Amino acid sequence: MALVTEERTASLTFAEELRQRMLGETINLCYQCGTCASSCPVAKITPSFNPREVIKLALLGERAEVVSGEAIWLCCSCYNCDERCPQKVAIPLAMYALRNIAFKEGFIPNIYSEFASAILDNGRIVPTSKFVEKKRPTLGLPPLQPTGVDALRKILSATGFVKLYQKKGGSS
Amino acid sequence: MDKVKVGVFLSDCGKQLSEILDFNALTDYAKKVSGVAFIGKSAEFWRGRGLQLIVDAIKDGKINRVVVTESLPKLSEVNIVQAVEEAGLNPYLVEVIDLKDHCAWPHRKTPKEATEKAKAMLLGAIERAKLLEPIEKVEFPILKSALVIGGGIAGMQAAVDLADLGFKVNLVEKEPFLGGLAARAGRFFPTDDCAICIQSPASDVKTITHTSRKCVYRSGFSEIPDLNILTNSRVVGIEGVPGNYKVTIEKKPRYVNELKCVACDLCTTVCPVEVPDEYNAKLKKRKAIYMNVPNVCPPVYTIDESICKFQDCAKCVEVCPTEAIELNQKSKRITLNVGTIIVATGFQEFDSSVIKEYHYDDYPDVITNLELARMIDGFGPTGGAVVRPSNRKPAKKIVFIQCVGSRDRRYNSYCSSICCMISLKHAMLIKSAYPDTDVTVCYIDIRTTGREHEDYYERARKMGIKFVKGRPTEISREPETGKLVVDVEDALLHRFLELDADLVVLASAMVPSQGTKELAQITSSLSRFEAFLDEDGFFKEYNAKLRPTETKLRGIYICGGATFPKDAPTTSLHAHSAALKAAKFMTSGKIVKDQRTAVIDEEYCGNCVFCPVTCPYGAIDLVPTTEGHFVARVSDLMCEGCGICVGTCPLNAIELRHARPNQMLTQMKALMSVNGTSKPLVLAICCSECGGTAVDSSGMGMMQYPANVRVMKVPCTGILQVHQFLEAFKAGAEGVMVVGCKSDGCHYEVGSQKAEKKVELARTLLKEYGIEPKRLEMFNMVFIEGKQFAEAARTMTETLKKLGPLQLMGGS
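Residue numbers (this note's numbering), protein chains in the order written: chain A, 1 to 172; chain B, 1001 to 1812.
These are calculated hints, taken from the structure and not from any lab test.
Just to be clear, a hint being listed does not mean it is correct.
A few chain A positions that, by computed beta-carbon distances, are all more than 12 Å from chain B [to be verified]:
| no. | residue |
| --- | --- |
| 1 | Leu-29 |
| 2 | Thr-35 |
| 3 | Ala-43 |
| 4 | Arg-52 |
| 5 | Val-89 |
| 6 | Arg-99 |
| 7 | Ile-108 |
| 8 | Ala-151 |
| 9 | Val-162 |
| 10 | Tyr-165 |
Restricting the straight-line Cα-Cα distance to at most 27 Å, the calculated cross-link-like pairs of lysine-lysine (DSS-like) are [stated by the list, open to error]:
| no. | chain 1 | residue 1 | chain 2 | residue 2 |
| --- | --- | --- | --- | --- |
| 11 | B | Lys-1774 | B | Lys-1801 |
| 12 | B | Lys-1315 | B | Lys-1260 |
| 13 | B | Lys-1031 | B | Lys-1679 |
| 14 | B | Lys-1396 | B | Lys-1462 |
| 15 | B | Lys-1397 | A | Lys-44 |
| 16 | B | Lys-1469 | A | Lys-56 |
| 17 | B | Lys-1130 | B | Lys-1669 |
| 18 | B | Lys-1285 | B | Lys-1309 |
| 19 | B | Lys-1246 | B | Lys-1466 |
| 20 | B | Lys-1802 | B | Lys-1787 |
| 21 | B | Lys-1356 | A | Lys-44 |
| 22 | B | Lys-1517 | B | Lys-1252 |
| 23 | B | Lys-1112 | B | Lys-1801 |
| 24 | B | Lys-1466 | A | Lys-44 |
| 25 | B | Lys-1041 | B | Lys-1005 |
| 26 | B | Lys-1466 | A | Lys-56 |
| 27 | B | Lys-1284 | B | Lys-1356 |
| 28 | A | Lys-44 | B | Lys-1483 |
| 29 | A | Lys-88 | B | Lys-1356 |
| 30 | B | Lys-1144 | B | Lys-1246 |
| 31 | B | Lys-1469 | A | Lys-44 |
| 32 | B | Lys-1282 | B | Lys-1356 |
| 33 | B | Lys-1396 | B | Lys-1284 |
| 34 | B | Lys-1285 | B | Lys-1252 |
| 35 | A | Lys-88 | B | Lys-1469 |
| 36 | B | Lys-1246 | B | Lys-1285 |
| 37 | B | Lys-1309 | B | Lys-1330 |
Sample of chain B residues with no beta-carbon within 10 Å of chain A, all distances over it, derived [what the hints assert, rightly or not]:
| no. | residue |
| --- | --- |
| 38 | Gly-1470 |
| 39 | Phe-1610 |
| 40 | Glu-1627 |
Predicted, not measured: the structure shown is a model, and the values here were computed from it.
For every residue, glycine included, the Cβ atom is placed at its ideal position computed from N, Cα and C.
Excised from the complex, chain A in its bound form (with noise of 0.2 Å):
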């Protein structure tokens, strides 16, 4: 068949990378229906992502197309479609799977690094600001507590996430 390159050949064993990376969970039982794309409030204003094609070029061992990206960063993670999928495909964690083989390959978006950074640098994703803190008591919130930062760096160092992020050219 022409139409299957040996690139493809070769990487038909993504589902079951997949698999491994899902807790067990197959993505193998996915039969297109769409319940996923229709259920989901990201596709539905973005033409950049839909659950239902992310699982068929995963399916058809198309790893480079999907973990290099932008789709798999897009699910919200509101579970509609593992609600809904009459396969009980368990999409969500697909899309995590495809995220953590992502990132330790490299393919990250800057937001997402920026992200990993903040967190490492102040333990907050959102930066705060003078500004913010007076603000909060005039809305009737408690003043922000420190958020040990220290041990939370210990604990990404730990699990390895610290090295990974630096291999591939984070900047803390």
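Given the structure of chain A, go ahead and fit chain B onto it with the hints provided.
Chain B alone, transformed into the frame defined by chain A:
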């Protein structure tokens, strides 16, 4: 007992075998075995002069045991056994072995070793024959009457067949009227003709023709002389044995005398109680006294006792011109004794309300295909108009959603197989009647696999019905207008669609009916009948390929939707098949069985429950003795002679009459006694079914394996006990192969699995005794895997060669 005189009949299959095996040596060898009184030689013994030789020897009183070497013993054995029986000898005093497929052909290249093996096989057969005992036939009566459970098309077709063949038939239907789902469906695909016609019964002498089919009401169905129709009735208990089942039926009162009612309809006009008509999708009301459709069978009104005011009202009684209404009728229990039971309890629609995102419960304009069928039916609640139930206005935009609760691993993972065709039928009926209606079908895959079914799909496309490949995620409702919106991705366009709809039709899955579930419960006492259900809750046939309507219990048959969702043609086919099987069973009026069954030595029986729970056929019961304890007793009727109980009994209290442990041991020792140059000796114990045929077929295919591998057949590997493996080693085997059927394909259901466990246990023991566990191995094979057997035999031989001679403690 007479002195044992064995006749040995050696066939060289027309010199095919004498080129490999030394028949002179074999003859000389057999002559010297004690008890051998006669030796015959011929090219074949299963017919002609060879067979006459056996018959004459028996008639002349020269022999009273027969050992025959033939090829394909299963085939030739039939003739030999029949002839032996006619000659006046009990047919179970015959031992046939296959010197061709078990010896000469697979060992063509080593004639010397093959001849050695042939001697061992001959000795094994002679020694076993000497220990054989006559087995007698027993008979059990079969009543020539049947019970058909379920009055849908499957049940009615089966009932007509059996009644036409002269059997007394009782048809039980839990509803007040016959017809089941067919009565509601209106029309059937792909012909779009009426759902409610059946084959004419033979008793319809005046109008029947070869090709006639009739609406149920004019078919004379209710007048078939040997057909006893019990509506409003449920089976509440089944006891007994094959051929004589005692069935208890509870018949609820109809409150209308069937012999008096003239169906004049006066009663319904005066009845003051009204409820939504469940038969008509609750789209119209019915009275407490009612009939569901005009052409119903039986054409007799019925009273819904859950809502009738009875004596507080009794208006119907006053108005009835024939005094047919009898408000004092009571429920009654009826006991029937029947020879056979046909289960035709059907399927029903899945409860779609559990899929919350489709709002079947909250939105009245979301309906199911069955409800739509009532609407399309001219007799239905809307007189054929397709309307929005919420406001009764015509539905101009209709969306069908396929696979609702089917192909869905959250509910039913199977494909209900008929819903695509049902939706196509409805879509086209609507489109033909109201061409300006916009009809869209949302599907995952359209499945139209029957004859003319694809044409049907093609016609639907030509008519302008739209198809969207995509399973909708949700149905929502615009609060102001009440319009429905179906949210779906067209997966082919990669586009999200919001389809407006006046009416959404759910192609709900077909699931086991309530009746199917209830019957499964009731019959669970009968030899674990619940094991007949598959994982989806449908009745499961005993063998899908060969016994599509039979169950494990003789005399109980299943057909129609009770086994899986089916269309009408397939249901008919299935029903006729079940009726044929039931008729075949009842025709002779008796079950004739030989006592190839298990027998329990009550003195040794230890009162445990192992054998009753292990027997796959429920053939063993614990019965009380006069001394206040229990002993196990085998029913010759139920026992299939597999020997799984023998392998289970911890006290060796059970034996099979046709495979006694001493017969097996003697044969085993003989097979291992002649070895000469054939080493290391391997005993291959194989079952007489699939596993055994793998051994046969390796020989038939001339697949070569060493002659040190010697074959012994047992009824089922489930009969084997752990100590028998040890005995094999003691007898001289250096390795033991156990060849059974596939784990899930055992002819006795669990025999192979039991053997696997036994082998596992024995391997553990062997290790304790210092014997390498590798010397014992289990194989699961079927006929087409002869090659695998030959390979396994070679591998086992190689393994044993590497291990070296077996060292038994205290042995030489």
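Status of each hint after checking the structure:
no.: 1; hint: Leu-29; in the structure: violated (7 Å)
no.: 2; hint: Thr-35; in the structure: violated (5 Å)
no.: 3; hint: Ala-43; in the structure: violated (7 Å)
no.: 4; hint: Arg-52; in the structure: violated (6 Å)
no.: 5; hint: Val-89; in the structure: violated (9 Å)
no.: 6; hint: Arg-99; in the structure: holds (23 Å)
no.: 7; hint: Ile-108; in the structure: holds (27 Å)
no.: 8; hint: Ala-151; in the structure: holds (41 Å)
no.: 9; hint: Val-162; in the structure: holds (40 Å)
no.: 10; hint: Tyr-165; in the structure: holds (35 Å)
no.: 11; hint: B/Lys-1774 / B/Lys-1801; in the structure: holds (12 Å)
no.: 12; hint: B/Lys-1315 / B/Lys-1260; in the structure: holds (17 Å)
no.: 13; hint: B/Lys-1031 / B/Lys-1679; in the structure: holds (26 Å)
no.: 14; hint: B/Lys-1396 / B/Lys-1462; in the structure: holds (19 Å)
no.: 15; hint: B/Lys-1397 / A/Lys-44; in the structure: holds (24 Å)
no.: 16; hint: B/Lys-1469 / A/Lys-56; in the structure: holds (15 Å)
no.: 17; hint: B/Lys-1130 / B/Lys-1669; in the structure: holds (14 Å)
no.: 18; hint: B/Lys-1285 / B/Lys-1309; in the structure: holds (17 Å)
no.: 19; hint: B/Lys-1246 / B/Lys-1466; in the structure: violated (54 Å)
no.: 20; hint: B/Lys-1802 / B/Lys-1787; in the structure: holds (23 Å)
no.: 21; hint: B/Lys-1356 / A/Lys-44; in the structure: holds (21 Å)
no.: 22; hint: B/Lys-1517 / B/Lys-1252; in the structure: holds (20 Å)
no.: 23; hint: B/Lys-1112 / B/Lys-1801; in the structure: holds (20 Å)
no.: 24; hint: B/Lys-1466 / A/Lys-44; in the structure: holds (23 Å)
no.: 25; hint: B/Lys-1041 / B/Lys-1005; in the structure: holds (17 Å)
no.: 26; hint: B/Lys-1466 / A/Lys-56; in the structure: holds (25 Å)
no.: 27; hint: B/Lys-1284 / B/Lys-1356; in the structure: holds (26 Å)
no.: 28; hint: A/Lys-44 / B/Lys-1483; in the structure: holds (21 Å)
no.: 29; hint: A/Lys-88 / B/Lys-1356; in the structure: holds (16 Å)
no.: 30; hint: B/Lys-1144 / B/Lys-1246; in the structure: holds (13 Å)
no.: 31; hint: B/Lys-1469 / A/Lys-44; in the structure: holds (18 Å)
no.: 32; hint: B/Lys-1282 / B/Lys-1356; in the structure: holds (21 Å)
no.: 33; hint: B/Lys-1396 / B/Lys-1284; in the structure: holds (21 Å)
no.: 34; hint: B/Lys-1285 / B/Lys-1252; in the structure: holds (23 Å)
no.: 35; hint: A/Lys-88 / B/Lys-1469; in the structure: holds (19 Å)
no.: 36; hint: B/Lys-1246 / B/Lys-1285; in the structure: violated (40 Å)
no.: 37; hint: B/Lys-1309 / B/Lys-1330; in the structure: holds (16 Å)
no.: 38; hint: Gly-1470; in the structure: violated (4 Å)
no.: 39; hint: Phe-1610; in the structure: holds (37 Å)
no.: 40; hint: Glu-1627; in the structure: holds (57 Å)
Checked against the numbered hints above, the structure violates hints 1, 2, 3, 4, 5, 19, 36 and 38; every other hint is satisfied.
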